[in-house]
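Asker: The residues making up each chain are set out below.
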Amino acid sequence: MAKVLFSSWNGTIIDERNKDHAARIDLEELHLPDQIGGTDLKVFVGWSGLVVVDPEINVVEILENYFRAVQRESCGRCIPCRVGSKLIADRLARITAGRSNRAEIDSLAWIGRVMKESSLCELGQSSPLPLLHALEYFQDHFTAYLEKERPVAGDYDYRSILTAPCRNGCPAHIDIPSYIRCIKEGFFEESLAIIREKTPLAGVLGRVCVHPCEANCNRQTVDAPLSIRVLKRFVADYADHNGARVLPGAAGAPQAEAARVAVVGSGPAGLTVAYQLARRGYKVTIFEALPVAGGMLAVGIPSYRLPRDILNGEIELVKDLGVEIKLNTRIGTDLTLEQLQREGYQAVFIATGLHKSGRMGVEGEDAGYQGFMPGVEYLRRINLGEPPELGRSVAVIGGGNVAMDCARSSLRLGIKDVYLIYRRSRTEMPANEEEIVAAEEEGVQFVLQSNPTRILAEGGRVTGVECIRMALGEPDSSGRRRPVPVEGSEFILDVDMVVPATGQVADFSFISPESGIELSRRGTIVADPKTMATGAPGIFAGGDAVLGARTVIEAIASANKAAQAIDAYLRTGKAALPPEREMEQFLEQAGVYNPAVLPVLVGGRERQEEESLPVAARLRGFNEAELGFKGPPEALREADRCACCLRLGLAVF
Amino acid sequence: MSAVKLTIDGMPVEVAPGTTILEAARKLEIDIPTFCHDPELTRNGACRMCVVEVEKARALVASCCTPVAPDMVVHTDSERVRTARQTILRLILANHPLECITCEKTGDCRLQDYCYRYGVSESGFQGETKDLPLDDTNPFFIRDMNKCILCGICVGKCQEINGAGAIDFTRRGFVTNVSPPFGDPIENSSCVFCGMCVDVCPVGALVPKAGVGKGRPWEIEKVKTICPYCGTGCSVYLHVKDGKIIGASPDAESPVNRGHLCAKGRFGWDFVHSEERLTRPLIRRNGVFVEAGWDEALDLVASRLKESIARYGPDAFMGLSSAKTSNEDNYLFQKLVRHLGTNNVDHCARL
Ligand SMILES: Cc1cc2nc3c(=O)[nH]c(=O)nc-3n(C[C@H](O)[C@H](O)[C@H](O)COP(=O)(O)OP(=O)(O)OC[C@H]3O[C@@H](n4cnc5c(N)ncnc54)[C@H](O)[C@@H]3O)c2cc1C
Ligand code: SF4
Ligand code: SF4
Ligand code: SF4
Ligand code: FES
Numbered sequence: 001m002a003k004v005l006f007s008s009w010n011g012t013i014i015d016e017r018n019k020d021h022a023a024r025i026d027l028e029e030l031h032l033p034d035q036i037g038g039t040d041l042k043v044f045v046g047w048s049g050l051v052v053v054d055p056e057i058n059v060v061e062i063l064e065n066y067f068r069a070v071q072r073e074s075c076g077r078c079i080p081c082r083v084g085s086k087l088i089a090d091r092l093a094r095i096t097a098g099r100s101n102r103a104e105i106d107s108l109a110w111i112g113r114v115m116k117e118s119s120l121c122e123l124g125q126s127s128p129l130p131l132l133h134a135l136e137y138f139q140d141h142f143t144a145y146l147e148k149e150r151p152v153a154g155d156y157d158y159r160s161i162l163t164a165p166c167r168n169g170c171p172a173h174i175d176i177p178s179y180i181r182c183i184k185e186g187f188f189e190e191s192l193a194i195i196r197e198k199t200p201l202a203g204v205l206g207r208v209c210v211h212p213c214e215a216n217c218n219r220q221t222v223d224a225p226l227s228i229r230v231l232k233r234f235v236a237d238y239a240d241h242n243g244a245r246v247l248p249g250a251a252g253a254p255q256a257e258a259a260r261v262a263v264v265g266s267g268p269a270g271l272t273v274a275y276q277l278a279r280r281g282y283k284v285t286i287f288e289a290l291p292v293a294g295g296m297l298a299v300g301i302p303s304y305r306l307p308r309d310i311l312n313g314e315i316e317l318v319k320d321l322g323v324e325i326k327l328n329t330r331i332g333t334d335l336t337l338e339q340l341q342r343e344g345y346q347a348v349f350i351a352t353g354l355h356k357s358g359r360m361g362v363e364g365e366d367a368g369y370q371g372f373m374p375g376v377e378y379l380r381r382i383n384l385g386e387p388p389e390l391g392r393s394v395a396v397i398g399g400g401n402v403a404m405d406c407a408r409s410s411l412r413l414g415i416k417d418v419y420l421i422y423r424r425s426r427t428e429m430p431a432n433e434e435e436i437v438a439a440e441e442e443g444v445q446f447v448l449q450s451n452p453t454r455i456l457a458e459g460g461r462v463t464g465v466e467c468i469r470m471a472l473g474e475p476d477s478s479g480r481r482r483p484v485p486v487e488g489s490e491f492i493l494d495v496d497m498v499v500p501a502t503g504q505v506a507d508f509s510f511i512s513p514e515s516g517i518e519l520s521r522r523g524t525i526v527a528d529p530k531t532m533a534t535g536a537p538g539i540f541a542g543g544d545a546v547l548g549a550r551t552v553i554e555a556i557a558s559a560n561k562a563a564q565a566i567d568a569y570l571r572t573g574k575a576a577l578p579p580e581r582e583m584e585q586f587l588e589q590a591g592v593y594n595p596a597v598l599p600v601l602v603g604g605r606e607r608q609e610e611e612s613l614p615v616a617a618r619l620r621g622f623n624e625a626e627l628g629f630k631g632p633p634e635a636l637r638e639a640d641r642c643a644c645c646l647r648l649g650l651a652v653f
Numbered sequence: 001m002s003a004v005k006l007t008i009d010g011m012p013v014e015v016a017p018g019t020t021i022l023e024a025a026r027k028l029e030i031d032i033p034t035f036c037h038d039p040e041l042t043r044n045g046a047c048r049m050c051v052v053e054v055e056k057a058r059a060l061v062a063s064c065c066t067p068v069a070p071d072m073v074v075h076t077d078s079e080r081v082r083t084a085r086q087t088i089l090r091l092i093l094a095n096h097p098l099e100c101i102t103c104e105k106t107g108d109c110r111l112q113d114y115c116y117r118y119g120v121s122e123s124g125f126q127g128e129t130k131d132l133p134l135d136d137t138n139p140f141f142i143r144d145m146n147k148c149i150l151c152g153i154c155v156g157k158c159q160e161i162n163g164a165g166a167i168d169f170t171r172r173g174f175v176t177n178v179s180p181p182f183g184d185p186i187e188n189s190s191c192v193f194c195g196m197c198v199d200v201c202p203v204g205a206l207v208p209k210a211g212v213g214k215g216r217p218w219e220i221e222k223v224k225t226i227c228p229y230c231g232t233g234c235s236v237y238l239h240v241k242d243g244k245i246i247g248a249s250p251d252a253e254s255p256v257n258r259g260h261l262c263a264k265g266r267f268g269w270d271f272v273h274s275e276e277r278l279t280r281p282l283i284r285r286n287g288v289f290v291e292a293g294w295d296e297a298l299d300l301v302a303s304r305l306k307e308s309i310a311r312y313g314p315d316a317f318m319g320l321s322s323a324k325t326s327n328e329d330n331y332l333f334q335k336l337v338r339h340l341g342t343n344n345v346d347h348c349a350r351l
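Residue numbers (this note's numbering), protein chains in the order written: chain A, 1 to 653; chain B, 1 to 351.
Simulated from the structure, these hints should not be mistaken for lab results.
Do not take every clue at face value.
As a list, the in silico DSSO-like pairs of lysine-lysine whose alpha-carbon atoms are at most 30 Å apart [to be verified]:
1) A:Lys184 with B:Lys222
2) B:Lys27 with A:Lys184
3) B:Lys105 with B:Lys214
4) A:Lys574 with A:Lys283
5) B:Lys222 with B:Lys209
6) B:Lys5 with B:Lys27
7) B:Lys222 with B:Lys264
8) A:Lys326 with A:Lys530
9) B:Lys5 with A:Lys184
If you anchor each label on the Cβ, the simulated ranges turn out as follows [as the list claims (entries may be wrong)]:
10) B:Pro185 with A:Gly604: 43 to 51 Å
11) A:Gly631 with B:Asp9: 36 to 44 Å
12) A:Leu247 with B:Asp77: 33 to 41 Å
13) A:Val526 with B:Gly18: 50 to 58 Å
C-beta atoms are modelled at their ideal positions from N, C-alpha and C, and glycine is treated no differently.
Model the full structure from these sequences, guided by the hints.
Answerer: Laid out in structure tokens, this is it:
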């Protein structure tokens, strides 16, 4: 177990140098991983201080490396960071070369302080911190260089990473500060190209992403987080309006003999893998069971949230890179996995999502009544233009986003009475707050703290649903209070349709036990979380099929990992991670956003909200409900709220 | 929206929401030093000279790009602020050539002014200096990027106001520079030589070529006039020393051009003192121009005009004057031409 010798991380000084090894605190307590790519961490230097694990290290040498990295990343606009970090780096180099003096060492603190006090962005404001801490607690390391026998350089590996709270909070680590800065400076297409480094689906994410980045945005500590999602939508729409086809440059040198890769499923995970591999020069074919591409983006999420021309435009980008999409081709029936491998696909990526519904365990759900239809099927049929025979009232069961989509779509199809039955209270609904509010505004009637017990039918047709009231009991493992039925409180809701939206499951009938692909007890594919490699050589998997019912951005994140690992696998035969991914993973564990550290911001600048269609107009059909920013002025005003919280970390191992 | 009340250096002030601390301070006539601020441009907050202390904020904030908030308490000249400004100046001086003795900008240089104000005479941080080539291939201005402090105002003016987009920041870190694409001379870029960048450069990185060595700012009298080149009528200050024009700059207050000029108004003054200028009438005799007296020349013109009009009618001639003469002269000129019976009268700025 790695022990901490000294730490000034997150503002707390922990000095264990005079303690016995056993008595020192564990690195784990600081939430820092103790290894990088399989090697033990010696020191971590970063925006929040200095963490020393190895007693042999020399801090000055490490800081010299750190400040050289700061110089590489400094955008060069503000004087304190541009000149200050250069002066510090040069001085540290002179110190380690034995060409410095006391006065120069003393001047470091002064330069560091002015950088910290007055730099333009957090890169300059935060990077002097480890230096200032070192000058205070490791002064002897500096003076050692003034002696005759100065310390000799250690043989360390260094790895640096530039991040930001929002960027670390984004599962795919989209470079948010950079794309916002491009917007600030009016470079909208360049901004979009930055997003498209990670995925072609910028316009999609700009509409439906659940934006975990915003929950990590520093600005919320002073007023409200940046509207990162709508800014993304803005640049995607802007390019669209101008007919600009924006793609980043090619990624890496293509292989001489481009390998062929098969992707099963054309959802966000499949599309992203295909896109990334095509950018690297591979020949990719996507096999899709349905007559349309896009996965849940096409047959799950309703078009009033994601207009299909937006989705299709971004699918076209993927095709333009040479990716072939074979529709109406189900792996398992039309072709088998083994056939794919035999036909010369050197790697396969499985991203088949969750397209079947779980059971509720309610009497009558398996009876095949007309008017009973699981949520994913209901939405799929609406989206494919084959809606089921509709009634005059519907009960949707569940409190998640899928339930909201079913309920709001029902209203748009003209169903008068739309009920939504949920076990717990409104505050516990897992759906996004925006979705819940929109459902309420549009007239969905919530039946809360109730659970269905029986589907009622006459002559094979649904006539209603019997429910029971639920009381909230003790909190369960998720921290939410567990609903318990109140005996004798049964009541009947008269409806002619019941749509359960309480869970999706996968259909892995195409995976044979001999394939070497392992399935978990949750009914998902088991894959290495770092490389997305399955137990079968050359077969990778990602998206909902591995993660369970998650989100578009998490599907994209897993696809990016897989693309890198597949590339490595096809080049070297081994699914390895590139070094920058290792640092990203390090920070995923360490965390970057810290609400306790206030940014150098003065609050009071209003968050710009997107326009939305009035309720009456929304209910007239499947017109897009949210409309993005009114125009460039709003986008610029929003981008201008970004404090550019860049943070540099350096791991020594 | 209602006004925001705040306190700056102990004085209460009320301003509209969205006003910056800098603007609010200027309302109180507090002079906060700035390099990179220009009211016309997108705020970039690069130089950090304008930092002030806002109570409860974690660090100093740049007043030029921080909007006021209700009940904010601001100190613009505290010890902490002065120290930060001093250190920033010293960081600038760490790689700024101290060539003030021969620098064209001496006397009108904000870097000098602020160093004087904050008592900074040298950097104290000797560091690496820049060694960039001088760009003086064009006839209008010299770019010495070793003196540039990277305030970015020239970039902003060129992109946002002129729209030429000839220059931008290049590279990162210490070696950041402002330059035309690929480090080419400005002559080979999309520059239209409006000189806007030259007017706003706070230091001696951009200087007009024509004035080099001709006079110090304090020796110059700035004479306000209207640019004679075209009908727009931009206000311009002629820089006059010993009765000679050695430069020009736009009038920032003029409602017509609000501090902007084109290449002609900004740099096209050499004709005034040109050796080749005609100062006496010339009459062509046997194919060559020969100097003559005014009476002789005017008599000749009058008699020829009379002859022509008598023979061919008044529409056979036209009068062409110059935009560079005064309004009154042009008025009289057209009166004369019309009196002679024709409306054929025009002017040209190039005459
Ligand atoms: C109604 C609904 C609303 C949602 N709303 C949001 C939201 O607002 N924001 C958000 O972030 N997430 C949302 N999600 C979740 C999100 O859509 C998924 O997490 C994401 O689409 C998963 O991507 P994927 O690529 O793993 O799989 P999917 O998008 O499910 O795509 C899988 C594809 O594989 C195909 N396929 C399956 N089996 C085979 C086979 N054997 N052969 C060939 N093809 C096959 C399927 O037809 C499908 O096209 C929503 C989900 C639903 C159902
Ligand atoms: S203010 Fe900008 S850089 Fe900072 S966390 Fe928010 S979006 Fe990211
Ligand atoms: S002279 Fe005008 S066009 Fe040329 S660089 Fe300067 S601002 Fe741009
Ligand atoms: S040349 Fe002058 S105006 Fe342009 S960035 Fe440098 S100092 Fe500023
Ligand atoms: S004037 Fe405010 S940062 Fe330059």
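Asker: Are there hints from earlier that the structure breaks, and if so, what are their numbers?
Answerer: The structure breaks hints 1 and 12; every other hint is satisfied.
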